[in-house]
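Modelling step: build the complete structure from the supplied sequences, incorporating the hints.
Heads up: the sequence shown at position 69 corresponds to 72 in our numbering, and the numbers run straight through without jumps.
These aren't lab readings, by the way, just hints derived from the structure by calculation.
Just so it is clear, CB atoms sit at the ideal spot from N, CA and C, and this is done for glycine as well.
Hints are all accurate, no fakes.
Here are the simulated lysine-lysine pairs, DSSO-like style, with alpha carbons at most 30 Å apart:
| # | residue 1 | residue 2 |
| --- | --- | --- |
| 1 | Lys142 | Lys47 |
| 2 | Lys81 | Lys106 |
| 3 | Lys154 | Lys47 |
| 4 | Lys124 | Lys112 |
| 5 | Lys124 | Lys61 |
| 6 | Lys154 | Lys98 |
| 7 | Lys143 | Lys98 |
| 8 | Lys61 | Lys112 |
| 9 | Lys94 | Lys81 |
| 10 | Lys61 | Lys143 |
| 11 | Lys43 | Lys142 |
| 12 | Lys90 | Lys47 |
| 13 | Lys98 | Lys61 |
| 14 | Lys81 | Lys143 |
| 15 | Lys143 | Lys90 |
Here are the simulated distance ranges between beta carbons:
| # | residue 1 | residue 2 | range |
| --- | --- | --- | --- |
| 16 | Thr6 | Leu132 | 41 to 49 Å |
| 17 | Thr25 | Leu159 | 13 to 21 Å |
| 18 | Lys143 | His87 | 19 to 27 Å |
| 19 | Gln9 | Gln156 | 26 to 34 Å |
| 20 | Lys158 | Gly62 | 13 to 21 Å |
| 21 | Pro32 | Leu132 | 39 to 47 Å |
| 22 | Arg93 | Gly46 | 29 to 37 Å |
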Amino acid sequence: MNTNEQIIEEFYGAFAAQNPETMASCYHPDIVFEDPAFGKLHGKDASDMWHMLIERAKGNLTVEFSEIHADSHTGTAKWTAIYHFAKTNRKVVNKINASFEFKDGLIIKHTDSFNFWNWSKQALGTTGLLLGWSSFLHKKVQHQALEALRKYQQKL
Numbered sequence: 004m005n006t007n008e009q010i011i012e013e014f015y016g017a018f019a020a021q022n023p024e025t026m027a028s029c030y031h032p033d034i035v036f037e038d039p040a041f042g043k044l045h046g047k048d049a050s051d052m053w054h055m056l057i058e059r060a061k062g063n064l065t066v067e068f069s070e071i072h073a074d075s076h077t078g079t080a081k082w083t084a085i086y087h088f089a090k091t092n093r094k095v096v097n098k099i100n101a102s103f104e105f106k107d108g109l110i111i112k113h114t115d116s117f118n119f120w121n122w123s124k125q126a127l128g129t130t131g132l133l134l135g136w137s138s139f140l141h142k143k144v145q146h147q148a149l150e151a152l153r154k155y156q157q158k159l
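Written as structure tokens, this is what we have:
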């Protein structure tokens, strides 16, 4: 296992152990994170997002990861998050493909990709089933996710 594969392993191992401080230590200070739920986050916003998600899960989060591959510049992994969505208390099993770029031995770019419609059907029920394909719902979820992150950060 090379050093970039080790950093991905450390990141997801910390996530599975619900240790956001160790997760943050795997990120470069100039990290750019992007996913369908939050959109693009920079720097401390990315680390704060993981802190918030772990704190909100209150121990009811399972993270499984596999297929970690990396070279000297880029990497990939597959991971699954199993949790109850806070607003609806509906169980979500979200299968995610992650891609990474590295700088100075740390993750500088982290992009998570998943099927937003599948996620919205699980998290939101009928609303997600009917509207999960639409840019309207996608934008609304991103707005609410960012709003929740800002409120969380104000409490820090």
